[in-house]
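Visitor: Residue numbers (the working numbering), protein chains in the order written: chain A, 5 to 362; chain B, 5 to 362; chain C, 5 to 362; chain D, 5 to 362.
If you are wondering where the hints come from, they were derived from the structure by calculation, not from laboratory data. Be a bit skeptical, because a hint or two may be false.
You can't tell identical chains apart in this list, so a pair holds if it fits in one copy or across any two.
Heads up, simulated EDC-like pairs for lysine to aspartate or glutamate below, C-alpha to C-alpha not over 20 Å straight-line [what the hints assert, rightly or not]:
no. : residue 1 : residue 2
1   : K185      : E216
2   : K236      : D332
3   : K8        : E83
4   : K177      : E26
5   : K236      : D299
6   : K177      : D193
7   : K177      : E216
8   : K236      : E265
9   : K236      : E301
10  : K58       : E48
11  : K177      : E48
12  : K236      : E284
13  : K93       : D196
14  : K8        : E79
Quick caveat: nothing in here was measured; it's all calculated off a predicted structure.
Protein chains: 4
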Amino acid sequence: MIIKMKKGATESNIDKVVTRIEDYGFTPDLSQGKGTMVIGVIGETHTVSEQKFKELAGVESVLRITRPYKLVSREYSSEDRIIEFGGVKIGGKNRPVVIAGPCSVENEEQIVRIAKEVKKAGADMLRGGAYKPRSSPYSFQGLGRPGLDYMALARKESGLPIVTEATGIHYHKIDNTPEEKDVLDNVLDYTDILQIGTRNMKSYGFLQTVAERTAKSGLPVLLKRGEEATIKEFLLSAEYIAGNGNPNVILCLRGIRTFEETRWQRYTSDIAAISVLKQESNLPVLFDPSHATGDRELVRQISLAAISAGADGLLVEAHYDPENAASDGPECVTSNVIADIVEDVKLFHQHFSGRFNR
Amino acid sequence: MIIKMKKGATESNIDKVVTRIEDYGFTPDLSQGKGTMVIGVIGETHTVSEQKFKELAGVESVLRITRPYKLVSREYSSEDRIIEFGGVKIGGKNRPVVIAGPCSVENEEQIVRIAKEVKKAGADMLRGGAYKPRSSPYSFQGLGRPGLDYMALARKESGLPIVTEATGIHYHKIDNTPEEKDVLDNVLDYTDILQIGTRNMKSYGFLQTVAERTAKSGLPVLLKRGEEATIKEFLLSAEYIAGNGNPNVILCLRGIRTFEETRWQRYTSDIAAISVLKQESNLPVLFDPSHATGDRELVRQISLAAISAGADGLLVEAHYDPENAASDGPECVTSNVIADIVEDVKLFHQHFSGRFNR
Amino acid sequence: MIIKMKKGATESNIDKVVTRIEDYGFTPDLSQGKGTMVIGVIGETHTVSEQKFKELAGVESVLRITRPYKLVSREYSSEDRIIEFGGVKIGGKNRPVVIAGPCSVENEEQIVRIAKEVKKAGADMLRGGAYKPRSSPYSFQGLGRPGLDYMALARKESGLPIVTEATGIHYHKIDNTPEEKDVLDNVLDYTDILQIGTRNMKSYGFLQTVAERTAKSGLPVLLKRGEEATIKEFLLSAEYIAGNGNPNVILCLRGIRTFEETRWQRYTSDIAAISVLKQESNLPVLFDPSHATGDRELVRQISLAAISAGADGLLVEAHYDPENAASDGPECVTSNVIADIVEDVKLFHQHFSGRFNR
Amino acid sequence: MIIKMKKGATESNIDKVVTRIEDYGFTPDLSQGKGTMVIGVIGETHTVSEQKFKELAGVESVLRITRPYKLVSREYSSEDRIIEFGGVKIGGKNRPVVIAGPCSVENEEQIVRIAKEVKKAGADMLRGGAYKPRSSPYSFQGLGRPGLDYMALARKESGLPIVTEATGIHYHKIDNTPEEKDVLDNVLDYTDILQIGTRNMKSYGFLQTVAERTAKSGLPVLLKRGEEATIKEFLLSAEYIAGNGNPNVILCLRGIRTFEETRWQRYTSDIAAISVLKQESNLPVLFDPSHATGDRELVRQISLAAISAGADGLLVEAHYDPENAASDGPECVTSNVIADIVEDVKLFHQHFSGRFNR
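Using the sequences and the accompanying hints, generate a full structural model.
Guide: Following this line, the structure appears as structure tokens:
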């Protein structure tokens with residue numbers, strides 16, 4: 005439910021609305037628009053009549069949100085949410101960003117070298133995993149906190165902000181000894197954007213914990229779509245974070261699981277879902293062409309397709325030696341491909357950004 | 005199997021190779037390259053050793069095709085197949101084409117008006133169905149041959165070549181009376197490109213009949229991917245036409261069926277499959293954003309995404325009055341959107357065609 | 005729309021109802037229930053008010069069918085349709101049938117031997133393909149009419165009725181010479197049940213032709229579900245046959261295409277769809293465990309699961325030498341497995357048929 | 005890798021093998037078979053030659069496991085793993101179990117009443133959720149620890165052991181106050197079987213934590229298949245638990261996400277996957293017909309289909325007042341349906357258990 009106050013509404017008017025919202029057990033969400041105050045009501049408001057708010061002094065109108073997700077819907081707030089930090093802006097009319105880096109942080113030299121290379125190629129941020137969700141318990145699970153240290157060094161050396169994944173709130177082990185902090189706290193000590201992976205998109209308890217621990221800082225959270233999550237489920241997971249205190253959510257698509265042969269494509273690139281999400285939600289939407297295609301020969305072209313469909317940026321796996329990457333080598337590109345992609349994105353933005361006015 | 009002859013190979017050398025091919029029950033396919041003759045061997049050649057051809061005079065090399073499809077594969081012929089007719093060129097480095105028109109031909113006025121409108125908007129061809137495959141026996145099944153007459157008139161009035169679908173080799177009825185010719189023969193009397201729909205992609209007997217009836221004319225055949233057909237199955241269906249005498253096949257994607265909610269998208273747009281097909285096959289690839297998305301709000305943006313992924317053209321549903329179209333109104337756009345799409349395609353081709361050298 | 009006449013309704017009353025139905029361009033479908041006449045109205049009746057029929061003399065009630073399919077729905081006729089021929093009964097409370105035989109008829113000896121073996125094992129019918137829909141144009145396409153001759157001989161030798169597939173209304177070729185009749189007519193010269201395959205489920209022109217050519221004989225038509233057809237599409241395809249004159253349709257499930265690994269299962273066995281179809285339609289429902297699983301190790305157990313879900317019978321691939329079958333060997337079982345399956349089915353029917361009263 | 009010792013192998017022989025296993029960084033898994041010791045080697049053993057173990061004294065043979073999962077595969081141990089506790093046995097040749105109860109624990113009266121009813125109906129265990137993973141942050145998230153207290157009371161009153169889900173290792177809140185223990189520890193204080201839900205099947209950090217906290221007790225863990233998880237991914241997730249110290253894993257299928265219309269079935273019942281899992285793994289396999297179908301009209305029949313496919317038991321939602329259940333009412337059955345299901349299962353076991361000798 006959204007309550008629009010009249011232009012001349014007093015603070016006392018607003019206070020009374022807020023009090024009533026809280027009386028019903030809901031949470032108020034105030035935002036000052038141009039000259040008018042708009043108050044969101046978060047909670048299961050269908051049990052309460054609009055009249056209960058319309059009757060208060062200073063209230064101009066009461067609008068019900070028909071979507072199951074609220075804060076992240078365009079219906080609730082039609083303005084694009086723009087995520088801004090360290091000179092990078094994601095979303096809105098800004099030039100789409102290119103985030104590049106390896107699947108896994110392997111060692112200091114590797115990540116620093118890649119960071120410098122992708123920086124030179126024009127990338128806006130560095131990606132790299134210190135904690136890796138692997139389908140087999142016998143596969144390399146990431147370097148852990150030392151990997152984060154290398155990421156921090158790579159950030160310093162390259163000047164690029166970093167994004168890295170927290171795989172949960174369990175304790176990662178190195179040589180069978182659990183690290184001092186849980187995985188999420190470790191990652192929060194370092195990262196500029198917190199990534200939540202595909203496999204955790206429906207770990208609702210984890211999402212809630214993420215929201216609580218980042219509510220104060222407002223650290224941007226990049227949430228990947230589950231392999232088979234519907235658009236509705238994806239936006240509800242984003243709502244778990246936004247509705248629990250951190251509105252700075254970035255959506256990221258990475259291919260969905262369908263009947264298509266994995267011989268050709270690891271997943272089916274859900275390109276049209278970019279456009280659907282941009283219509284339905286106010287959040288920025290990125291696309292990960294590396295996991296989606298699983299094939300470095302396709303990465304550049306699908307990157308451009310994603311941007312054409314309205315993506316606010318790309319998350320691309322890059323390595324100087326894809327053949328010998330610790331994980332996901334077949335979908336990794338070298339930094340000269342990153343340079344091509346950056347060039348494509350700029351060229352596209354220059355010629356097409358004015359043509360589509362979402 | 006592909007047999008490359010030496011540069012100085014004589015006609016007699018070639019004749020002997022051809023004879024041996026036929027002795028094994030295979031079909032030879034001769035094509036004169038730059039200075040050298042290349043002979044394709046069509047059939048299940050895995051039963052025969054390369055040696056049987058290598059030993060003949062004038063043979064330089066023998067290459068096995070590892071794909072189950074032969075003629076339509078890049079492995080067999082790496083050069084882009086370009087379909088050319090009435091001034092239109094589809095495939096290769098040509099500017100992607102825009103084919104527009106209504107789902108169904110409704111009457112003379114409708115199709116002539118739309119033809120003129122989309123011509124003015126810059127479209128290259130007119131689409132429209134006189135025979136409609138409908139999932140319900142109680143739905144409008146198309147006007148039949150009179151619809152083709154209206155299409156022909158629209159072609160004359162607009163100057164646009166036409167593409168229309170043959171739904172089979174059965175006899176369409178008008179007022180319970182079967183038409184004089186079967187559907188395919190009716191369509192062949194009129195069309196510039198013959199369309200085979202999604203639902204018939206695996207009607208192998210029909211595909212074979214199409215190939216036989218068009219082998220002599222080489223009339224281009226636009227084959228749509230089945231809703232759940234794999235890339236392999238799709239290319240094998242194309243091979244049914246190419247291998248039975250008509251190599252002028254145009255592939256057309258139109259969305260696949262997945263778990264995604266039909267509320268948002270009628271089908272999942274298989275954009276990355278465009279890139280895969282362009283790598284794997286030498287045939288031109290079109291995309292139909294109207295059936296894929298089922299939503300006119302998405303058509304323009306997904307059109308551009310398809311072009312970015314390498315599509316050689318678009319097949320778009322257009323109508324001056326989408327709300328009242330006889331079928332598929334929700335996915336129909338008006339001609340001013342067609343004009344935008346044509347403009348997008350030209351702009352894209354101008355700035356990007358040189359950047360990707362497939 | 006269904007019109008129930010009053011108990012004492014006269015012939016003249018009925019005639020007037022029929023006339024009005026025809027005046028609207030609809031088709032009447034009369035069936036004499038216990039003491040009362042029920043008249044189905046086939047066509048797009050939503051344009052006409054019930055009142056137009058209620059007002060006629062002798063009419064008791066008018067009921068609208070809410071489903072898009074009419075004749076095949078339980079809503080239209082709640083009684084199970086039972087298909088009966090040559091001593092075999094399919095549907096209703098009858099013991100589920102077991103139809104067994106090879107994928108392809110290979111030669112006289114093969115099919116006669118298999119027929120005798122499966123007869124001995126207790127099978128109720130013989131299956132075998134003379135015309136084969138193959139995804140590759142270079143694969144064996146079936147023996148054609150000679151294959152039908154062998155099937156007829158096998159029927160004679162074993163006493164089992166036969167079911168075989170018509171792949172279309174094109175002309176099959178033997179040594180490049182088209183057969184005298186089209187495929188459908190050839191098959192109609194021989195078969196006891198006409199099979200329409202998965203790949204043709206949406207070839208609506210073909211379905212219509214099948215209905216017309218079998219309307220008079222009422223020859224049972226076994227219609228297989230498309231690999232990705234929805235329940236609604238499947239029943240609408242059945243309606244194409246029933247609504248065009250032949251109500252004797254048997255539905256057959258054979259697995260659907262999903263994300264599941266083909267390493268384990270060729271298709272996903274759509275077992276619950278059996279129960280859904282039995283609730284939603286009055287037609288008998290068979291299951292084909294061979295194509296569904298693609299794995300002979302699974303065939304027997306999945307057969308029993310299908311029967312447990314309410315299937316009226318099974319269509320099982322059988323061969324005395326599965327390793328060397330001309331097609332689909334990996335999913336073929338030997339006749340001793342058929343004997344086990346027949347035994348399972350009988351045992352199940354004996355102990356469970358009374359427990360579920362659909 | 006599996007190392008079989010010779011019959012007369014000494015303890016010293018075994019010790020040396022164990023030492024070498026540990027030297028390579030692998031983990032030994034000893035199990036005493038009939039007269040012979042079998043030593044599993046857990047880890048990425050493909051880097052080490054069999055010869056390194058064959059050469060040790062007392063070793064009879066060394067067998068490589070070709071599957072990516074080890075402990076849970078039939079290849080590793082062909083014997084059925086039987087889970088036994090409180091008089092209940094799950095797996096092997098035992099009569100399949102029926103576990104019944106509500107989706108959510110709503111209050112003391114509700115769960116005690118249902119427990120007594122399903123006990124009377126013949127159920128073997130009680131299910132019920134105190135922590136609920138909900139796709140919307142605004143939906144009821146479960147009663148938390150008080151709900152577990154009610155479950156414990158219901159266990160005492162009915163005599164049925166209980167199974168309930170832990171949704172993570174976060175802190176559940178009641179009136180905005182986090183509970184004292186994390187969710188997993190709360191559940192471990194009470195339950196007889198620990199359930200891990202569909203949405204957490206790929207939360208690898210959580211799976212590992214579960215394994216560690218239950219390694220000593222060996223508390224059975226019921227792991228549900230992810231909505232789109234492949235068989236391989238599912239078994240690898242089971243391996244995360246077994247390979248980290250708790251081999252007592254029970255697999256549970258609950259329908260997969262496909263293109264099928266949710267109007268008819270909430271998910272596609274993956275019945276054949278039961279048979280595949282029983283072939284591929286030594287773990288018991290249950291089926292949840294309630295979540296799979298989402299329709300109480302289908303639950304009983306699909307239950308029987310699952311048992312026919314080889315399931316070792318069922319997990320069925322039951323409530324005395326399905327219409328007013330706090331969650332998932334449409335798929336809930338009443339206890340008289342549970343009684344029918346129990347009767348079906350017993351009858352099936354009586355007549356068919358001897359016929360299939362897996």
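Visitor: Now tell me, hint by hint, if it's right for this structure.
Guide: The hints, checked one at a time:
{"no.": "1", "hint": "K185 x E216", "verdict": "both (17 Å within a copy, 17 Å between copies)"}
{"no.": "2", "hint": "K236 x D332", "verdict": "between (29 Å within a copy, 18 Å between copies)"}
{"no.": "3", "hint": "K8 x E83", "verdict": "within (16 Å within a copy, 58 Å between copies)"}
{"no.": "4", "hint": "K177 x E26", "verdict": "between (44 Å within a copy, 18 Å between copies)"}
{"no.": "5", "hint": "K236 x D299", "verdict": "between (28 Å within a copy, 17 Å between copies)"}
{"no.": "6", "hint": "K177 x D193", "verdict": "within (18 Å within a copy, 25 Å between copies)"}
{"no.": "7", "hint": "K177 x E216", "verdict": "between (24 Å within a copy, 12 Å between copies)"}
{"no.": "8", "hint": "K236 x E265", "verdict": "between (26 Å within a copy, 9 Å between copies)"}
{"no.": "9", "hint": "K236 x E301", "verdict": "between (32 Å within a copy, 19 Å between copies)"}
{"no.": "10", "hint": "K58 x E48", "verdict": "within (18 Å within a copy, 46 Å between copies)"}
{"no.": "11", "hint": "K177 x E48", "verdict": "between (41 Å within a copy, 17 Å between copies)"}
{"no.": "12", "hint": "K236 x E284", "verdict": "within (10 Å within a copy, 29 Å between copies)"}
{"no.": "13", "hint": "K93 x D196", "verdict": "within (13 Å within a copy, 50 Å between copies)"}
{"no.": "14", "hint": "K8 x E79", "verdict": "within (14 Å within a copy, 49 Å between copies)"}
In this structure, every one of the numbered hints holds.
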